[in-house]
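K.L.:
What follows is the residue order along each chain.
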Amino acid sequence: MRVLKTIDFWSGLAFAAIGFSACATALGFDSRSSTYPATLAAALGFLGLALVVKAWRSAAAQTPSAEGCRVILEGPALEIGVWVLWALALWAGLGYVGPTFAACLALILRHVEDRRLRLHVAQAAGVALGVFAIFYLIFNVPLPELDVVRDLLD
Amino acid sequence: MTEIALGFATLLDPAVLGFLMIGILAGLIVGSIPGLNDNIAFAIFIPLSFSLSSTYALALMVGLYCSCAVGGSIPAIMVKVPGTASSVLTAIDGHAMARSGKAGQALGIAITSSVFGGVSSALVLLLFAPPMAAFALRFGYVENFSLGLLGMASVLGLLGGSMIKGLISAVLGLLVATVGFSQQTGLPRFTLGIDSLYEGVPFVPLLVGLFGVTAVLDLAEELIRDRRKGATPRQMPRITDSLMLDWRMTKRLLPTWLQCSAIGNVIGIIPGAGMLMAIYMGYERISHRYKRLFAGKPGEPEWGEGAPEGIAAPEAANNAVVASSMVPLLSLGIPGNSVSALFIGALMIQGMVPGPLLFIDHPDIAWMIIVAFLVANVLMWPVSYALVRTISGLVFRMPKAVLVPTISLLCLTGAYSDENSMFSIGVALAAGVVGYVTRRLGIPHAPLILALVLGRTIEDNLGNALAISGGDWTIFVDPVGHPISLALILGAAAFMLAPLAAETRNRYRRRATLKMEA
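Residue numbers (our numbering), protein chains in the order written: chain A, 1 to 154; chain B, 1 to 518.
Keep in mind the hints are simulated off the structure, nothing from the lab.
Heads up, the beta-carbon is just placed ideally off N, CA and C, and yes, glycines get one too.
Errors might be hidden in some of the hints.
Stretch-level coverage of chain B by chain A, calculated; a stretch enters the list once three of its residues show a Cβ under 8 Å from a Cβ in chain A [to be verified]:
hint : region
1    : 18-31
2    : 130-137
3    : 181-193
4    : 250-261
5    : 421-433
6    : 456-470
From the derived model, a few chain A residues whose C-beta atoms are all more than 12 Å from chain B [to be verified]:
hint : residue
7    : R32
8    : L44
9    : R110
10   : L146
11   : D147
12   : V148
13   : V149
14   : R150
15   : D151
16   : L152
17   : L153
The list that follows gives simulated cross-link-like pairs (lysine to aspartate or glutamate, DMTMM-like), each with its CA atoms no further than 25 Å apart [as the list claims (entries may be wrong)]:
hint : chain 1 : residue 1 : chain 2 : residue 2
18   : B       : K80       : B       : E199
19   : B       : K80       : B       : E302
20   : B       : K229      : A       : E113
21   : B       : K80       : B       : D241
22   : B       : K400      : B       : E517
23   : B       : K297      : B       : D246
24   : B       : K400      : A       : D151
25   : B       : K229      : A       : D151
26   : A       : K5        : B       : E221
27   : B       : K251      : B       : E284
28   : B       : K400      : A       : D30
29   : B       : K229      : A       : D147
30   : B       : K400      : B       : E284
31   : B       : K80       : B       : D218
32   : A       : K5        : B       : D218
33   : B       : K251      : B       : D241
34   : B       : K80       : B       : E221
35   : B       : K229      : A       : E74
36   : A       : K54       : B       : D226
37   : B       : K400      : A       : D147
38   : B       : K291      : B       : E305
39   : B       : K515      : B       : E503
40   : B       : K400      : A       : E113
Modelling step: build the complete structure from the supplied sequences, incorporating the hints.
P.N.:
Now the structure itself:
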């Protein structure tokens, strides 16, 4: 089945699923609040199906190559993974500067070809402290920093 | 005149002018870094503007918006890598001219053309936004709903590509805009039991994610691709000649500037049309003129091989879009393009709503924004001339490996500062992933952004209009009671039907050609 190899087919199915499930949820709201979102959600479902039909009719294979998938995993997926871990560290109360430095260093080391560790540590520290200074010291944003650091700065 | 004086009085505060200058400088630098653009600059600077007063913050944004496109032309000319998408055509003739030892002249043409286009669009904003806003004050629920529909239709009609994907993008945006309390009943919808969603998906983290985080993911992908390909950095030509344009060149380029500025201004006012359409239209039009008047003459290069008009046309056109895209935003509350949609975020942070009421509630701010576009474009000329050599050197020393985490961090910390909440970071990350995935699926972002901006207004006005009419839908096309609404609906229909009509016409032409050949 050639159509199973098209991205539009699968994305159409995903949009149809999102649309129809949102429609089912919207129909559970009270009658005055439900008509508009239910109509939109149903429209999204049908548009998803239309994309599936269109993919079926044209059926030009668009599957990403193994190389393309590797690039996504090593680039954007890793980037998001690092920042999700960073957000979890902030949420867990590990402070701002430490996790930020670690996240920046990990990403810099991932993207550079050379291994001048001292330079990259300095770059990561510069980025982390620079952004911290902009938001915490200049704009007074109460970043989730450790009490020790906060006391030190206050 | 009193209003213009009020705008100047607000702007000429030294601190406000200072922030305008900071915006110009930042825009030049951000725009000149390949891969970054005005959207990303806004995504970074909007959260930073939280702690600034409204005049400082908005002056900063205006400066940023005006100079990004100019910055984009620097790497386009020097190394044939457009800093922003709007400089993609500048790279063709600009780089060819730089390679022939006229890098200074090419940069001078780009800067002067940008300033010409920018000043013309600032004048269009000054002339058109206030009367349109005064007219829009007559609009009620019915007209406002039809206006929202017209905005959506114009974006969808001008998209090109798959109409289904454009519609998916628009419906998705409208659906996300329904999250939170219903404006009709006050009951929560699609909140998944999360308290932070009761007032809707936070707008600033959503925009920061869609523009900033998505762009960072694209950059990360580009870095990995370059590394796998083993791409080597390009050699930058040196600027040895003068940047200043002589009188002969100025006189020669004047018709190009006038034509392309006119094109850019018209395109800028139409929501959804955008800079790319303006630069392609301007470039195409001027190419015919060049081939007719200059090509083949001694000392004149071929079109695409260093023609001065090939730089002047796209640069005048893209900067003419800048201020004119603010006309529908300031007068009607409808963003002309994605950057002006982000401008709404900047206004919302300051507790303001764009649209006709801005001129009533905050006349000093509304008029300051208008005159700031004029002043920013005028200031941009000497600033760009003075700094272009420094910026072009700086950009090529900046390691992208450090740039990627820096932008991510500025965006995510900025998202946090929206409500000082971890939830905002989650929204920005989720929006970034959705933005990246939808881009890869070929789903355009322009309808999504506009739908997010207009979604609540459309639903609110639709509900109120139907409540007034007792559920009668013909109220929107009533030629006697609501002629403006009827005109807006007809305009929306024309925008939606135009691409279908063009496609049908092309299909018939193709069939006729095939028959003739047979």
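K.L.:
Hint by hint, note whether the structure agrees.
P.N.:
Hints and how they fare:
Given a C-beta distance limit of less than 8 Å, the hint that chain A covers the region 18-31 of chain B is violated, as 0 residues qualify and 3 are needed. Check on the region 130-137 of chain B: 0 of its residues sit with their Cβ under 8 Å from a Cβ of chain A, so the three-residue criterion for coverage is violated. With 6 residues having a beta carbon nearer than 8 Å to a beta carbon of chain A, the region 181-193 of chain B meets the requirement of three or more and the stated coverage holds. Residues of the region 250-261 of chain B lying with their CB closer than 8 Å to a CB of chain A number 0, which falls below the three-residue condition for coverage.
Under a criterion of three residues with beta carbons nearer than 8 Å to beta carbons of chain A, the stated coverage of the region 421-433 of chain B is upheld, 6 such residues being counted. Counting residues of the region 456-470 of chain B whose CB lies closer than 8 Å to any CB of chain A gives 3, so the stated coverage by that chain holds, three being the minimum. At roughly 5 Å from the closest C-beta of chain B, the C-beta of A:R32 falls inside 12 Å, breaking its exclusion from the interface. Chain B draws A:L44 into its interface by the beta-carbon criterion, the shortest separation being 5 Å against a cut-off of 12 Å.
Residue-level check failed: A:R110 sits 8 Å from the nearest beta carbon of chain B, not beyond 12 Å. At the 12 Å boundary, the C-beta of A:L146 stays outside the reach of chain B, the nearest C-beta of that chain being 16 Å off. The beta carbon of A:D147 is kept farther than 12 Å from every beta carbon of chain B, the shortest such distance being approximately 17 Å. Every CB of chain B is more than 12 Å from the CB of A:V148 (nearest about 20 Å), matching its label as outside the interface.
For A:V149, the requirement that its beta carbon stay farther than 12 Å from each beta carbon of chain B is met, with the minimum near 15 Å. Here A:R150 stays apart from chain B, with its beta-carbon at least about 14 Å from theirs, past the 12 Å limit. Every CB of chain B lies more than 12 Å from the CB of A:D151, the least distance being 19 Å, so the non-interface label holds. Every C-beta of chain B lies more than 12 Å from that of A:L152, the closest at about 20 Å, which supports listing it as non-interface.
The non-interface label for A:L153 is consistent with chain B: the shortest C-beta to C-beta separation is roughly 16 Å, beyond 12 Å. For the given pair, B:K80 sits about 46 Å from B:E199 by alpha-carbon distance, which is inconsistent with the 25 Å threshold. For the given pair, B:K80 sits about 18 Å from B:E302 by alpha-carbon distance, which is consistent with the 25 Å threshold. At most 25 Å may separate the alpha-carbon atoms for a hinted pair to count; B:K229 and A:E113 meet this at roughly 13 Å.
Distance hint between B:K80 and B:D241 is fulfilled; the C-alpha atoms sit about 19 Å from each other, no more than 25 Å. Simply put, B:K400 and B:E517 have alpha-carbon atoms about 53 Å apart, too far for the 25 Å limit, and the pair is violated. Of the supplied pair hints, the one linking B:K297 and B:D246 holds, its CA atoms being roughly 20 Å apart against a limit of 25 Å. At most 25 Å may separate the alpha-carbon atoms for a hinted pair to count; B:K400 and A:D151 exceed this at roughly 35 Å.
Proximity of B:K229 to A:D151 is assessed by CA-CA distance (about 49 Å); at most 25 Å being required, the pair is judged violated. For a cut-off of 25 Å, the pair hint linking A:K5 to B:E221 stands: about 23 Å separates their Cα positions. A threshold of 25 Å between alpha carbons decides the hint, and for B:K251 with B:E284 the separation of about 21 Å falls inside it, so the pair holds. Taking the CA atoms of B:K400 and A:D30, the gap is near 51 Å; set against the 25 Å cutoff, the hint is violated.
The hinted pair formed by B:K229 and A:D147 fails the criterion: a straight-line CA distance of about 46 Å is larger than 25 Å. Between B:K400 and B:E284 the CA atoms are separated by roughly 34 Å; this puts the pair beyond 25 Å, and the hint is violated. For the hint linking B:K80 to B:D218, the alpha-carbon distance of about 20 Å falls within 25 Å, and the restraint holds. Taking the CA atoms of A:K5 and B:D218, the gap is near 24 Å; set against the 25 Å cutoff, the hint holds.
A C-alpha spacing of about 20 Å is found between B:K251 and B:D241, which places the hinted pair at or below 25 Å, so the restraint holds. At most 25 Å may separate the alpha-carbon atoms for a hinted pair to count; B:K80 and B:E221 meet this at roughly 20 Å. Of the pairs offered as hints, the one joining B:K229 and A:E74 holds, with about 14 Å between alpha carbons and a cut-off of 25 Å not exceeded. For the given pair, A:K54 sits about 34 Å from B:D226 by alpha-carbon distance, which is inconsistent with the 25 Å threshold.
Proximity of B:K400 to A:D147 is assessed by CA-CA distance (about 34 Å); at most 25 Å being required, the pair is judged violated. In summary, the hint linking B:K291 to B:E305 is supported, as the alpha carbons are separated by about 12 Å, within the 25 Å threshold. This hinted pair checks out: B:K515 and B:E503 have alpha carbons roughly 18 Å apart, not beyond 25 Å. In summary, the hint linking B:K400 to A:E113 is supported, as the alpha carbons are separated by about 12 Å, within the 25 Å threshold.
When each numbered hint is compared with the structure, violations occur for hints 1, 2, 4, 7, 8, 9, 18, 22, 24, 25, 28, 29, 30, 36, 37.
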